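One letter stands for each residue in the lines below.
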Amino acid sequence: MQGIGKMGIKKIYPFGMGILLCGVFVLAAVWTAAAAVPPAEALALGRADLIVIDGLKSFGPLERPPVPFYHDKHTDAMVKQNKDCSACHETVKDKLSRKFKRVQDNSKTAVMDVYHDQCIGCHKERKSANKAGGPVTCGECHIKDAMLRSTWQAITLDKSLHYRHVKANEKKCETCHHEFNPQTKALYYTKGDEGACLYCHKKKTEENRISNRLASHQACIACHRQLAAKDKDAGPAQCSGCHDPRQQALLEKIADPPRMERNQPDAVLVKTGLKGGNPEPVTNRMRPVPFDHRAHEGYNNSCRQCHHADLKSCATCHTVQGDEEGRQVKLAQAMHQNDARNSCVGCHKQQQAEPACAGCHSSIVKGRSLTSEAACKTCHMNIPVENPYPDESSAESKSMAADLLAARKPVVETVPVDQIPETVTIQSLTHDYEAVALPHRKIVLKLAAGVKDNRLAAYFHDAPTTLCQGCHHNSPATVKPPQCGSCHGRSSEALNLTRPGLMAAYHQQCIQCHDKMGLEKPVSRECTTCHAKRK
Amino acid sequence: MSISRRKFLGWMGAASLTSAVGTSARAASNHEFKGYEDSMAVLHDITRCIGCRKCEGACNTVNDLPKPEKPFDDLTVLEEKRRTTAKAYTVVNQFGGQAPTFVKKQCNHCQEPACASACFVKAFTKTPEGAVVYNEKVCVGCRYCMIACPFEIPAYEYDEPFTPRIMKCTMCYPRITKGLLPGCVEACPTEALVFGKRQALLKVARQRIADYPDRYVDHIYGEKEMGGTNWLYLTSKPYGEVGMREDLGNTPAPKLTKGALGAVPMVVGLWPVLLTGIYAINKRKEKIAAEEQHAAVDEAVAQTNAEAEAKLAAAMEKAAQNQEAAVAREVKKALEEAAKAAAEAEAAKDEKGSDAPDGTSEDA
Amino acid sequence: MSQQANRSTLFTPFNVIAGLIVIMGLILTVIRFTKGLDATTNLSDYNPWGLWIGFDLLVGVALAAGGYVTSAAVYIFGMKRYHSAVRPAILTAFLGYALVVFALNYDVGRPWRLPYPFFVSQGTTSLLFEVGACVALYLSVLFIEFSPAAMEWLGLKKARNLVVKLTMVLTILGVILSTLHQSSLGALFLIAPSKLHPLWYSSYLPIFFFVTSTIAGLSMVIFESTLSHHFLHDKMDEAHLAGNKGLALGFGKAAAWVLAGYFVIKTIGVAADNNWHYLGTGYGAWFLVEMLGFVALPAFMYAVGVRDRNIKIIRWTAAWTVLGIVVNRFNISMVAFNYHLPSSERYFPHWMEIGISVFIVTVGILVFRFICTRMPILYEHPDYESH
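Protein chains in written order, with the working numbering: chain A, 478 to 1012; chain B, 228 to 591; chain C, 171 to 557.
Note that these hints are calculated values from the structure, not bench results.
Hints may be right or wrong, so weigh each one.
Pairwise CB distance ranges (calculated) [what the hints assert, rightly or not]:
1) A:Q782 x B:P440: 19 to 25 Å
2) C:L397 x A:P542: 43 to 49 Å
3) A:C677 x B:P440: 32 to 38 Å
4) A:L497 x C:T182: 46 to 52 Å
5) B:E306 x C:T182: 57 to 63 Å
6) C:P552 x B:R232: 35 to 41 Å
7) C:T182 x B:K297: 56 to 62 Å
8) B:V524 x C:P552: 39 to 45 Å
9) C:T182 x B:F389: 27 to 33 Å
10) C:S310 x B:R232: 26 to 32 Å
In silico contact screen, one side only, chain C against chain B (beta carbon under 8 Å); selected entries [claimed, not checked]:
11) D208
12) L298
13) P376
Covered stretches of chain B, going by a simulated chain A footprint (3 or more residues, C-beta under 8 Å) [stated by the list, open to error]:
14) 274-285
15) 438-446
Predicted model only: the values in this text are computed from it and were never measured.
Glycine included, every Cβ here is placed at the ideal spot set by N, Cα and C.
Between the sequences and the hints, there should be enough to build the whole structure, so can you do that?
Now the structure itself:
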């Protein structure tokens, strides 16, 4: 009707808007799809040498995703090109800078340029020489949402590894151990004051104190490199050599390394930081605990399992009342915390998870270990002595410790065999199945054999009948324990829902014990293994 | 059709009455159902389940369900994941190969069941004892409950042409009202199932988690899920790994439809007003349009009339004028003719004058 | 001679096919009611609702929305120029709802208990109760609205005149009931957020269903009038034939606007729940197909058709939109429903289910044709004043 020109524009308008809208939608979809789909660079197998380059973080939030970098790949490549660490790391004051091709981070652009020029430059060179190189485009390095899997595992200098280093350095402890004088700002060494690196070198670099990562790499790798340069037997200089779990498993393990020489005591009373002797009233205190330090050195892989922050005695930081240095963890808590590996009780508790022990111990509730008087007395031995609270640094204290330890007798006897019923017939519930002929003596003797050589068990199972209480629980330890049916009724009680009925009590007890001890037979669902089916 | 005042008031009254009647919706209230006080529940401790299927067998017996193809002591069925069916109120499934975990699956007897909310014939009842029971006597078979159940539990007897029923766990309602235990609970050899008051079972579950923190995941499934259920679970493996959905949220199902249901009386109340209003406005517009048109027509007519009249008057006057002129003209003509005739007569007389036989003398 | 002519007029290709479908449908009906749902459907415990709910119920009710849309337009909004479209729309709606109820008898397990929710046990917490009540009431309203045509055919003058007086009230009631049940059909799915894909699940589902029902109604009226125009041309009177073009333009314009509005509120729905990232998935692509292909595209095509006064475009767009409604209802009830289940547990209709649905639609068409060829739907009865 109207002029063609006018009609033309009016026709374009809805079309144009339509196409625009569709385009916006499709764009949104593709954008979000790209975000949703994980990139192809996801690594299926993890590597221990993965370093995520995000050094520009110190200058502000990153504009691009951090770059995953595989160090060993590059050291291998360098080796092939007959180059060494100095190809990428500058030496400053005889030490290798861990930074890439620079000594300090001056500015954001400067650092970025170093990486771009050096990395991409080298990769490009390789490419132009038709050799295997690395990524050159932005997205190949700055991978968005990269699903990286690092298998990096920290390496602990346990007793075995430490001894190998002691031997290699001919007992010259000063090679690695040092302390720092904040006044003179110099490192020095005092014999007898050696400690673990982690005691001072923490996660992050602080003033006058580099991070543990820096320290260990500077110390360990420098030395290894030196030795390797001299064609001597040396430790690894590559990431995976120390940090790959598979490589760690291949490290030589000395079965029984000689004791570390650090003037540590053999037997000692656990220090409490409280005054001994007469001046203060000493009534109503827990008896001091004799501690077989030498034996415990053998039970642990490294000192740090107990001496987690220092080789001094625990009470130095963990005072009775609590102290800032000990992060307000009081002495009692430090000694008795159930779930802390560093504490006495915590470590002993972990031992209970061993298959030989777990059958009984897995069903004992968490809090119970501290409620029985007998458990306290095993450590806080209440033996009459002249001065029960000697001065803690005195010789009297040391001899008292040795005496107490000698007085503590492990209990290894079981109940006399003739007093252990050979077979117990459980016939209280025969409905679908016949009575159970329980091979009672066999089970007891098996359990006893499992803990025979375990000193921990021998001390804490303070009576031959303690072992019986694994099954005959919640009742006094006796040779004639009450029948299960005394407490466990037909079904669980409405008033006491935590007490299962008799059938469940039997099944839970037996099946869970077998489970936790890792027994393959009897199979819990093969009912007829234990009781024949009733016709 | 115009709307009278009476009619309008009448409709408003009806609308407000309808709105007032809709009290049960409570769309925006804080009303919360905390569950029946003494309701019973079952606690299923997954760490104790050994996958022996005795519970399935007991359920089958107690509820008189048809015997399955593979007997209950056949444990090979655990190799596949199963769901509840019209012939099985409950199933046990196995998760993991090496050290497998077993989980029993059945109706969870929710505190605010989706099935009961969805059923349009109130075939489901949440009993004070805790069980959610189904009444086959009113069920129409619409299967909306199966859509609603977030745990995908209700099954239907599709192969029954005349009396198809929804089949689901009843928590052995007839038994528990007699003080007995549900069939599955009684049969379980390791008491992986414990029956008791929901409040008490929650305490037991919390106690178990506190006593064995390494054994249990610190979460009781069913405490809050879908507003809380009367079948509680404890596990050692994360719930997502043992076939239990962790993304259902804590909103009870009835709350999801509260808004929509609450809108119904609003629509019933407001729509008559709205629609009648539109109709009235339209009608009014039409009326005014009609009136305006009418007025316009009248005006046009009147104007036309006036114009016509004026024209007529003018014409009349002109006619009168013409007539006068014509008359004058004729008179003039007549006078002229008369004068002419008189003149001619005069002339003729003069000719004849001497002999005036007729006595027409001058004296006459 | 005349007998031969009769036979040829009876056995037209359409009649033959329709007849075969009806026969098949009757057989399937017998099977359904003797063997049960297991034998005639692919419904399962995971998929209790299938084609009969997704198509016969949801699509059926949506496409029958032309009744309230047209009568509202003519009687409430006073658009008298569409007057000739009212009766066909009411007839389509009435038959639509009647067939929905008919189809429901196939789907539920005990159809003889369908009156139970009203008379025996009222489950008022259920949105299905709401749907049932409103559908039942609305069917009655439609029946009454349709009855004048039948009464004119039967010569019941007094009754007819009485019923015609009720038009206004019935129309208002019709809109109220339609709003309620159209939205409640969407609200049915509110109770299952864990089973419906996030792109389709929204707390706005009732509103979406209501708006799409309006779109469906508008398009269906155009679609139906196209078909009637083609196949029942000789039954149409002057007014009908003349009003056809205006109907297409007017309803097409309305549909363009409503479709555009629906597109906007669907976008708001995605934004409100922050579901953008789903668009990049497979389901997201299908969602975009539904939104762009069956909402945005028809909106534009309607607008173009109205703009250019191109009735052909409008008619094709109407058919396409009807298909779009089918796609939308299918998506919500079958495609995006149970999206979380493995493909072995997903549902596809049994051929017998499809057969019954086709049968029901065929019956609808046959009844429609029967009524239109005898009763004053497409023409005005000469004895009665123009209403």
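The hints, checked one at a time:
1. Distance hint for Q782 (chain A) and P440 (chain B): a CB-CB separation of about 22 Å, consistent with the stated range 19 to 25 Å.
2. For L397 (chain C) and P542 (chain A), the Cβ-Cβ distance of about 59 Å falls outside the hinted range of 43 to 49 Å, so the restraint is violated.
3. About 34 Å separates the C-beta atoms of C677 (chain A) and P440 (chain B), a value consistent with the hinted range of 32 to 38 Å.
4. Between L497 (chain A) and T182 (chain C) the CB atoms are about 49 Å apart, so this pair conforms to the stated range of 46 to 52 Å.
5. Separation of E306 (chain B) from T182 (chain C) is about 59 Å and conforms to the stated range, judged on CB atoms against 57 to 63 Å.
6. For the pair P552 (chain C) and R232 (chain B), the supplied restraint of 35 to 41 Å holds, since their beta-carbon distance comes to about 39 Å.
7. Against the hinted window of 56 to 62 Å, the Cβ-Cβ separation of T182 (chain C) and K297 (chain B) comes to about 57 Å, which satisfies the hint.
8. For the hinted restraint 39 to 45 Å between V524 (chain B) and P552 (chain C), the CB-CB distance of approximately 31 Å leaves it violated.
9. Checked against the hint of 27 to 33 Å, the C-beta distance between T182 (chain C) and F389 (chain B) comes to roughly 40 Å, which is inconsistent with it.
10. At about 30 Å, the CB distance of S310 (chain C) to R232 (chain B) agrees with the hint of 26 to 32 Å.
11. Interface hint status for D208 (chain C): upheld, as the beta-carbon distance to the closest one in chain B is roughly 4 Å, under 8 Å.
12. The closest approach between the C-beta of L298 (chain C) and any C-beta of chain B is roughly 4 Å, which is under the 8 Å cut-off, so the hint is satisfied.
13. With a cut of 8 Å, the hint placing P376 (chain C) at the interface with chain B holds, because the nearest CB-to-CB distance is about 5 Å.
14. Counting residues of the stretch 274-285 of chain B whose beta carbon lies closer than 8 Å to any beta carbon of chain A gives 4, which meets the minimum of three for the stated coverage.
15. Counting residues of the stretch 438-446 of chain B whose CB lies closer than 8 Å to any CB of chain A gives 4, which reaches the minimum of 3, so the coverage claim holds.
Against the hints set out earlier in the document, violations occur for numbers 2, 8 and 9.
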